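Residue numbers for the sequence shown, in this note's numbering: 6 to 84.
Bear in mind the hints are in silico, worked out from the structure with no lab data behind them. All clues stand as given, with none of them false.
Cross-link-like lysine to any residue pairs, in silico, SDA-like; alpha carbons within 25 Å at most: (1) Lys26 <-> Ala57; (2) Lys7 <-> Lys38; (3) Lys31 <-> Thr9; (4) Lys31 <-> Cys79; (5) Lys38 <-> Val11; (6) Lys7 <-> Thr61; (7) Lys7 <-> Pro42; (8) Lys7 <-> Gly29; (9) Lys26 <-> Gly66; (10) Lys31 <-> Glu70; (11) Lys38 <-> Val16; (12) Lys38 <-> Ser48; (13) Lys65 <-> Ser77.
Label-pair distances were calculated between CB atoms; the ranges are: (14) Pro13 <-> Gly39: 29 to 37 Å; (15) Ala57 <-> Glu30: 25 to 33 Å; (16) Glu14 <-> Ala41: 29 to 37 Å; (17) Thr46 <-> Val75: 16 to 24 Å.
Nothing here was measured: the structure is a model prediction, and the numbers come from that model. Quick reminder that beta carbons are idealized off the backbone N, C-alpha and C, glycines included.
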Amino acid sequence: MKVTIVSPERVLFEGEADGVKVPGEKGRFEILKGHAPIISTLSAGEVVCSGAEPFTLSVKGGFVEVAEDVVSVCVEAAE
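Please work from the sequences and hints to get the whole structure.
Right, here's the structure in full:
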């Protein structure tokens, strides 16, 4: 899957991932290849991308959109 994680300031991650775990408002969930289209708000927690280039980011909140194996995440990164 193609994953892009951005903050208001810059692109934080752009690349391929096998899975993405996000802290949804109603609980943590994982996005895998073939996931149904979704838009969800995110609460404070960690966004974790697994695959060839693992990436983890602590966030204060944001939202995620999934469509056709493209995951777009807009977050406020925790410092």
